[in-house]
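Trainee: If you're matching them up, the sequences are chains G and V in order.
First residue of the first sequence? That's 0 in numbering that gives the first Met the number 0, and the numbers climb one at a time after it.
First residue of the second sequence? That's 0 in numbering that gives the first Met the number 0, and the numbers climb one at a time after it.
The hints are simulated quantities; they were obtained by calculation from the structure and are not laboratory data.
Treat the hints with care, since some could be wrong.
Derived coverage of chain G by chain V (criterion: at least 3 residues anywhere in the stretch with Cβ under 8 Å from a Cβ of chain V; other residues may be distant) [said to hold, decoys possible]:
1. 11-22
2. 35-49
3. 164-171
Residues from chain V that face chain G, not an exhaustive set, calculated with beta carbons under 10 Å [to be verified]:
4. M0
5. F3
6. L6
7. N7
8. R34
9. S89
10. N122
11. S130
12. E132
13. N150
14. E154
15. K155
16. Q157
Which chain G residues face chain V? A few, computed with CB under 7 Å, are given here [claimed, not checked]:
17. C157
18. G175
19. G177
20. G256
21. A258
22. H278
23. A282
24. S311
25. V314
26. R436
Every residue gets a Cβ at the ideal spot worked out from N, C-alpha and C, and that includes glycine.
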Amino acid sequence: MSAQTLYDKLWDRHLVRCDDDGTCLLYIDRHLVHEVTSPQAFEGLRLAGRLPWRSGANIAVPDHNVPTTDRTIGISDPLSRIQVETLDANCEEYGITEFAMNDIRQGIVHIIGPEQGVTLPGMTIVCGDSHTSTHGALGTLAFGIGTSEVEHALATQCIIQKKARNMLVSVDGQVGPGITAKDITLAIIGKIGTAGGTGYVIEYGGDAIQALSMEGRMTVCNMSIEAGARAGMIAVDDKTIDYVEGRPYAPGGALWGQAKADWQSLHSDPDAYYDRVVHLDAATIQPQVTWGTSPEMVVAVDGSVPDPEEESDPVKREGMQAALAYMGLAAKTPITEIYPDTIFIGSCTNARIEDLRAAAVVVKGHKLAANIKRAMVVPGSGLVKKQAEAEGLDTIFKAAGFEWREPGCSMCLGMNDDRLSPKERCASTSNRNFEGRQGPGGRTHLVSPAMAAAAAITGHFVDVRTLEV
Amino acid sequence: MDAFSTLNGLVAPLDRSNVDTDAIIPKQFLKSIKRTGFGPNLFDEWRYLDYGEIGTDCSKRPLNPDFVLNQKRYQGAQILLARENFGCGSSREHAPWALLDYGFRAVIAPSYADIFANNCFKNGILPIVLSAEAVVTLFAEVATAPGYQLNIDLEKQQVTTPAGVVFDFAVDAFRKKCLLQGLDDISLTLAHVEEIKAFEVRRKIDEPWLFGP
Numbered sequence: 000m001s002a003q004t005l006y007d008k009l010w011d012r013h014l015v016r017c018d019d020d021g022t023c024l025l026y027i028d029r030h031l032v033h034e035v036t037s038p039q040a041f042e043g044l045r046l047a048g049r050l051p052w053r054s055g056a057n058i059a060v061p062d063h064n065v066p067t068t069d070r071t072i073g074i075s076d077p078l079s080r081i082q083v084e085t086l087d088a089n090c091e092e093y094g095i096t097e098f099a100m101n102d103i104r105q106g107i108v109h110i111i112g113p114e115q116g117v118t119l120p121g122m123t124i125v126c127g128d129s130h131t132s133t134h135g136a137l138g139t140l141a142f143g144i145g146t147s148e149v150e151h152a153l154a155t156q157c158i159i160q161k162k163a164r165n166m167l168v169s170v171d172g173q174v175g176p177g178i179t180a181k182d183i184t185l186a187i188i189g190k191i192g193t194a195g196g197t198g199y200v201i202e203y204g205g206d207a208i209q210a211l212s213m214e215g216r217m218t219v220c221n222m223s224i225e226a227g228a229r230a231g232m233i234a235v236d237d238k239t240i241d242y243v244e245g246r247p248y249a250p251g252g253a254l255w256g257q258a259k260a261d262w263q264s265l266h267s268d269p270d271a272y273y274d275r276v277v278h279l280d281a282a283t284i285q286p287q288v289t290w291g292t293s294p295e296m297v298v299a300v301d302g303s304v305p306d307p308e309e310e311s312d313p314v315k316r317e318g319m320q321a322a323l324a325y326m327g328l329a330a331k332t333p334i335t336e337i338y339p340d341t342i343f344i345g346s347c348t349n350a351r352i353e354d355l356r357a358a359a360v361v362v363k364g365h366k367l368a369a370n371i372k373r374a375m376v377v378p379g380s381g382l383v384k385k386q387a388e389a390e391g392l393d394t395i396f397k398a399a400g401f402e403w404r405e406p407g408c409s410m411c412l413g414m415n416d417d418r419l420s421p422k423e424r425c426a427s428t429s430n431r432n433f434e435g436r437q438g439p440g441g442r443t444h445l446v447s448p449a450m451a452a453a454a455a456i457t458g459h460f461v462d463v464r465t466l467e468v
Numbered sequence: 000m001d002a003f004s005t006l007n008g009l010v011a012p013l014d015r016s017n018v019d020t021d022a023i024i025p026k027q028f029l030k031s032i033k034r035t036g037f038g039p040n041l042f043d044e045w046r047y048l049d050y051g052e053i054g055t056d057c058s059k060r061p062l063n064p065d066f067v068l069n070q071k072r073y074q075g076a077q078i079l080l081a082r083e084n085f086g087c088g089s090s091r092e093h094a095p096w097a098l099l100d101y102g103f104r105a106v107i108a109p110s111y112a113d114i115f116a117n118n119c120f121k122n123g124i125l126p127i128v129l130s131a132e133a134v135v136t137l138f139a140e141v142a143t144a145p146g147y148q149l150n151i152d153l154e155k156q157q158v159t160t161p162a163g164v165v166f167d168f169a170v171d172a173f174r175k176k177c178l179l180q181g182l183d184d185i186s187l188t189l190a191h192v193e194e195i196k197a198f199e200v201r202r203k204i205d206e207p208w209l210f211g212p
């Protein structure tokens, strides 16, 4: 057999059948379900008189629409409550395991999957959420699907798909001290653009990716969708296997040894062919801050807001002008002279324990700057929250003036009450800076947890590496 | 899903690149547990001057006169002309549901985000890719000709302008068949039940840890 990429291997392992035109049926090992994109799928199933193909392949959790404040009083918004109760009822009816709102294991779907060992190397994983690419960090083929496909996956345990092309993004060498996975992923998107990965599955490689922790790798794979790719993935190595071992849903006993042996093959062959290869020099990556309304509108913290007049492409120029008008920024403003009102540390991109630790190190012993009106930390899961509290991170954040919340998607998309007001400017560890994403008229700057923490205590964006912590 | 064969429809131009699904249908409307009723909230933040909430009577809300869909000449449009990377961002199928509910049956753009294009096909909306040059031409023609209509023929894979200029487009053969016949994907897949079952049996042997208790 000719040399294969990791994507080629995962694809072949899951191929049920393929038509001559390349339309294939791909078997799905794991389907993750949340409350927003599933109710219509369950309704469709019910109307057609169908049952889930394999209930045990599904794991559900409410995350998008749950309050992050005191939950003992339930959900006050009646529409949100109906949606969460609908998920509870559907899981009950179809025998699907659910980590319900008040379960300690509840959290953001892409955080609890790896945390529980529900995500295992070699799997195909789908979820009605674009950031499903996160799970690729464990050597899986994981991608977001729409609600019709949620219904299709429930009913058939398969997805109809044509194979995408292979792209390798190689981050060569090592990043400097203080540079995080978020800076790497934003730098990649800045280089290839938000449509740079369209039609591809991206495999991340290179020394800088191998050097990342599993949680850092999840941050990188998470934002593959912001680069337009169908999925992102990273080869399995010892770190992957060590991470999975002993997790509640990971195999144990004799099956563990068998699984571990199998997973050793989940990497690209040395001579595998990629349709496109992109190299980044890790040493040149600086802390990143987005200035516009698309994740590709990003610069290093020591840079300035670009000037649309210097852009020759008229469509791009107009896009930049519209972004600056929306963001309330003037061209050529130094990034360090941008003053956020709000700090949001959370989301499936950056709400794991290492993210909270990185922010806490910066915040420790400081207070929020006077211009910061609101700052919140929203842990990615109940277990991340518990761990952070055991380490005293909550005390550090609260002493500085941060709110310490219950887990959920929260202000990343503002479906619950956590949202920005018009013109409110936010330093956010989330993944999208689209117009209105965090609240109508809200202005989002995407940064790493450490950079968000630095902005919180200084009141403006600043290179976190220059702070004495 | 309604079948799609030919369409002679009014064209509305949306002259922005990277239009994301948050813009197509903002998050507050995702609290609905239905597939229908999203049309009045399509492009909500651009279309209205106030902040829209689910359940608000949109006929009483102040319209943004500058937004293209609020202009009289584009009322009743069935074809949306758009720029690069249309539908990027979230996988929410509420985006094509909102387009369909509003009355759009086709989109023409130089490129789409992967999941969005897939979601369109599943809902009887045809996302047509034309070259960047062709799209530039169409934007120019729409701007100068009120009542501008295009003819779309899926069988022939052609878009024809009022002057008779024909643009050919590519479309996946399987997706084309499903759209032309209004086929339901799940029924098509379930025609292969035995193959799926046989695959599953092999998979249980090869990777038994995936089939826990």
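Trainee: Taking the hints in turn, state whether each one holds.
Mentor: Hints, verified against the model:
1. Figure legend: the stretch 11-22 of chain G, annotated as covered by chain V; annotation consistent (5 residues with Cβ-Cβ distances under 8 Å, at least 3 required).
2. For the stretch 35-49 of chain G, the assignment as covered by chain V holds, since 7 residues bring a beta-carbon within under 8 Å of that chain's beta-carbons and 3 suffice.
3. A stretch counts as covered by a chain when three or more of its residues have a beta carbon under 8 Å from one of that chain; for the stretch 164-171 of chain G and chain V the count is 0, and the coverage is violated.
4. Of the supplied interface hints, the one on V:M0 holds, with its beta-carbon coming within about 9 Å of a beta-carbon of chain G, less than 10 Å.
5. Taking 10 Å as the C-beta contact cut-off toward chain G, the hint placing V:F3 at the interface is violated, the least distance being around 15 Å.
6. Annotation: interface hint on V:L6 violated; nearest CB of chain G at approximately 21 Å, more than 10 Å.
7. At its closest, the beta carbon of V:N7 sits 27 Å from a beta carbon of chain G; the interface hint therefore is violated under the 10 Å criterion.
8. Taking 10 Å as the C-beta cut-off, the interface hint given for V:R34 holds, the closest approach to chain G being about 5 Å.
9. Evaluation of the V:S89 hint against chain G yields a held restraint, the C-beta minimum of about 5 Å falling below 10 Å.
10. A distance limit of 10 Å between C-beta atoms decides the matter here; for V:N122 the minimum to chain G is near 7 Å, and the interface restraint holds.
11. Hint status for V:S130 relative to chain G: violated, with the closest Cβ pair at about 14 Å, above 10 Å.
12. Of the supplied interface hints, the one on V:E132 is violated, with its beta-carbon coming no nearer than about 13 Å to a beta-carbon of chain G, more than 10 Å.
13. Taken as an interface hint, V:N150 does not check out: its beta carbon lies about 26 Å from the nearest beta carbon of chain G, beyond 10 Å.
14. Hint status for V:E154: violated, given a least beta-carbon distance of 17 Å to chain G, over 10 Å.
15. Taking 10 Å as the C-beta cut-off, the interface hint given for V:K155 is violated, the closest approach to chain G being about 18 Å.
16. A hinted interface residue such as V:Q157 counts as satisfied when its beta carbon comes closer than 10 Å to some beta carbon of chain G; here the least separation is about 20 Å, so the hint is violated.
17. With a cut of 7 Å, the hint placing G:C157 at the interface with chain V holds, because the nearest CB-to-CB distance is about 6 Å.
18. With 7 Å as the threshold, the beta carbon of G:G175 stays out of range of chain V, its nearest partner Cβ sitting at about 31 Å, so the hint is violated.
19. A cut of 7 Å between beta carbons decides the hint on G:G177: the least distance to chain V is about 30 Å, and the hint is violated.
20. Because the closest C-beta pair between G:G256 and chain V is about 10 Å apart, greater than 7 Å, the hint is violated.
21. At about 5 Å, the closest approach between the beta carbon of G:A258 and any beta carbon in chain V falls short of 7 Å, and the interface hint on this residue holds.
22. For G:H278, the interface hint is violated, since its Cβ never comes within 7 Å of a Cβ in chain V; the closest pair sits about 24 Å apart.
23. The beta carbon of G:A282 is not positioned within 7 Å of any beta carbon in chain V (closest approach about 30 Å), and the interface hint is therefore violated.
24. Interface restraint check for G:S311: the shortest CB-CB distance to chain V comes to about 15 Å, outside 7 Å, so the restraint is violated.
25. Of the supplied interface hints, the one on G:V314 holds, with its beta-carbon coming within about 6 Å of a beta-carbon of chain V, less than 7 Å.
26. Because the beta carbon of G:R436 sits about 5 Å from the nearest beta carbon in chain V, less than 7 Å, this interface hint is met.
Hint compliance for this structure: hints 3, 5, 6, 7, 11, 12, 13, 14, 15, 16, 18, 19, 20, 22, 23, 24 are broken, all remaining hints hold.
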